[in-house]
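Trainee: Sequence:
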Amino acid sequence: PSQLSGGMRKRAALARAIAMDPPLLFCDEPGAGLDPVLLRDLDGLILTLKEQLGISIILVTHEVASIFRLADRIIFLDSGNVLFEGDLEAARQSTIPAVEQFFASASRR
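Numbering (our numbering), first residue to last: 1 to 109.
Hints are computed from structural coordinates only; laboratory data are not their basis.
Treat the hints with caution; some may be incorrect.
[Unchecked claim] Ranges of calculated distance between the beta carbons of each label pair, as one might list FRET restraints:
hint: 1; residue 1: I18; residue 2: R69; range: 15 to 21 Å
hint: 2; residue 1: P97; residue 2: Q52; range: 18 to 24 Å
hint: 3; residue 1: G54; residue 2: R16; range: 25 to 31 Å
hint: 4; residue 1: R40; residue 2: A12; range: 24 to 30 Å
hint: 5; residue 1: R16; residue 2: P97; range: 35 to 41 Å
hint: 6; residue 1: G44; residue 2: D87; range: 16 to 22 Å
hint: 7; residue 1: D78; residue 2: R16; range: 27 to 33 Å
hint: 8; residue 1: V82; residue 2: D21; range: 38 to 44 Å
The beta carbon of each residue, even a glycine, is placed where N, CA and C say it ideally should be.
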């Protein structure tokens with residue numbers, strides 16, 4: 001394991017997680033520490049797993065790009081409180097200041 005790259009470790013973790021054929025996959029910051037290219041590749045793998053295995057995925061992330069690529073529904077939390085729940089388009093059009101600020105940060109990158 002110490003000889004594996006960060007991206008390979010993430011893929012190995014996903015393989016271990018799906019080995020038991022779960023109905024639900026929980027991914028907590030799967031892209032943490034990855035460069036944008038590896039993050040895109042990992043997101044593609046997660047999307048493929050979702051489509052081919054028909055499993056639901058709960059994704060916890062601060063990566064706006066991953067949200068755009070993977071999310072069907074979004075729950076936006078702030079200090080443990082639900083500020084927003086809905087689809088991506090509704091989140092983009094939200095007038096809730098914290099949600100607006102979060103998505104505005106993506107357009108500046």
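Trainee: I'd like to know which numbered hints this structure contradicts. Please list them from smallest to largest.
Mentor: 2, 3, 4, 8
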